[in-house]
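Visitor: Residue-level listing of the chains:
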Amino acid sequence: MPSQTEIFQKVSATLVDALNVEPDEITPASTLQGDLKAESIDFLDIVFRLEREFGIKIPRNELFPESIFQGDPEFVQNGKVTQKGLDELRQKMPFADLSKFEKNPEVSAISDLFTVDMITKYIAGKLNGAPAR
Amino acid sequence: MRLKDQVAIVTGGSRGIGRGIVKAFAAEGAKVAIIYKGSQQAAESLVGEVTQAGGIAKAHQCDVADHDAAEKVVEAVEADWGPINILVNNAGVIRDGLFVGMRPEEWNVVIQTNLGGAFNFCHAVAMKLARQRKGRIINISSVAADRTNPGQTNYSASKGAINSFTRALAVELAGRGVTVNAIAPGFIETEMTEAVRNKAGDMIKKMIPMKRLGQADDIAKVAVFLASADAGYITGQVLTVDGGLSLGAVAM
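Sequence lines, in order, name chains A and B.
Here the working numbering is used: the first residue of the first sequence is 1, the next is one more, and so on.
Here the working numbering is used: the first residue of the second sequence is 1001, the next is one more, and so on.
No lab work stands behind these hints: they were computed from the structure.
A quick note: this is a predicted structure, and the numbers were derived from the prediction, not measured.
Misleading hints may appear alongside valid ones.
[To be verified] No more than 27 angstroms apart at the CA atoms, straight line, and that leaves these computed lysine-lysine pairs for DSS-like:
#1 B/1004 <-> B/1205
#2 B/1205 <-> B/1221
#3 B/1134 <-> A/10
#4 B/1205 <-> A/57
#5 B/1128 <-> B/1058
#6 B/1072 <-> B/1058
#7 B/1134 <-> B/1004
#8 A/100 <-> A/121
#9 A/80 <-> A/57
#10 A/100 <-> A/80
#11 A/10 <-> A/37
#12 A/121 <-> A/80
#13 A/37 <-> B/1134
#14 A/57 <-> B/1206
#15 B/1205 <-> B/1134
#16 A/37 <-> B/1072
#17 A/10 <-> B/1128
#18 B/1072 <-> B/1128
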């Protein structure tokens, strides 16, 4: 079982290849879309590469869930994620750090949850055999 | 040489327009994989022709409508020559007949080959090209996508879909430096158009402002351009190459 640091290093190397970024641009807190400029096709590419790199299967919509709320008014009101929506997020992305997001849960800021650290935690959970959710 | 050392796949490459594209690509320095379904002899004679002219080509048998077979053939080409740079989806069939009498098989084979074949080969190479951050996909459409004749509901539908598919895929791959374009040929002198030409050749010529039918080479030259570095900023376009046919002018 590799350490968290080892996993981060491998994730980081994967992102360097997938996103054409320099290694020193990547920190645990880097957001994939905002900081590393990932586009939708890149998310698929990252999943393929992580699967190969770590020898794991990543079911579609598990690491990077798409359209989590599907416009459901129970989850989103006035551009903000509701308490129920936050619970849904927690359940769908247990490996994401919601502490900052909770304070101002703008729907448009959901993409900031997709960080390098989130991927590292997800992979660590997978390698541990822990259910991802 | 505009395509020096580029690895290219041309489906339906043994005959007609595809054959012209294979020869033109090889002459520009590309290594060309010729995908053929049934015309083994034509494919092999083409390999011989290209080799004699100092080029590099290899024939691969594959039904483009078969998704797994398309993946396998792409792997085989990569094993020979390394990463793919250019894909030309040219394989196409016609099963002309008035719609009311069209059998489902005649509809299906045209859609599965002309449109499904493009899906299968694009599917097999798209992620690879995206990862390389460069690549060229060229789909061979037809003026029949927009200007159709009776008896071609299946063919027109397949080519109209190719045009839409070209634009939609172009949008997805543009950020990764992969261009996706289509060429819409008019009447080209190939085996595919032979029956129509025999029936209405003189009339067709009158409809073409340039007063001649196209040759495979007329299309191949445009394919070379789209595959070359010169066309790096063109994507999602359908280039009509038809001697003015689609302008709809009436002969004077």
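Visitor: Evaluate each hint against the coordinates.
Guide: Outcome of the hint check:
no. : hint              : result
1   : B/1004 <-> B/1205 : 37 angstroms, violated
2   : B/1205 <-> B/1221 : 22 angstroms, holds
3   : B/1134 <-> A/10   : 25 angstroms, holds
4   : B/1205 <-> A/57   : 58 angstroms, violated
5   : B/1128 <-> B/1058 : 21 angstroms, holds
6   : B/1072 <-> B/1058 : 15 angstroms, holds
7   : B/1134 <-> B/1004 : 15 angstroms, holds
8   : A/100 <-> A/121   : 17 angstroms, holds
9   : A/80 <-> A/57     : 33 angstroms, violated
10  : A/100 <-> A/80    : 14 angstroms, holds
11  : A/10 <-> A/37     : 19 angstroms, holds
12  : A/121 <-> A/80    : 26 angstroms, holds
13  : A/37 <-> B/1134   : 18 angstroms, holds
14  : A/57 <-> B/1206   : 61 angstroms, violated
15  : B/1205 <-> B/1134 : 40 angstroms, violated
16  : A/37 <-> B/1072   : 33 angstroms, violated
17  : A/10 <-> B/1128   : 21 angstroms, holds
18  : B/1072 <-> B/1128 : 14 angstroms, holds
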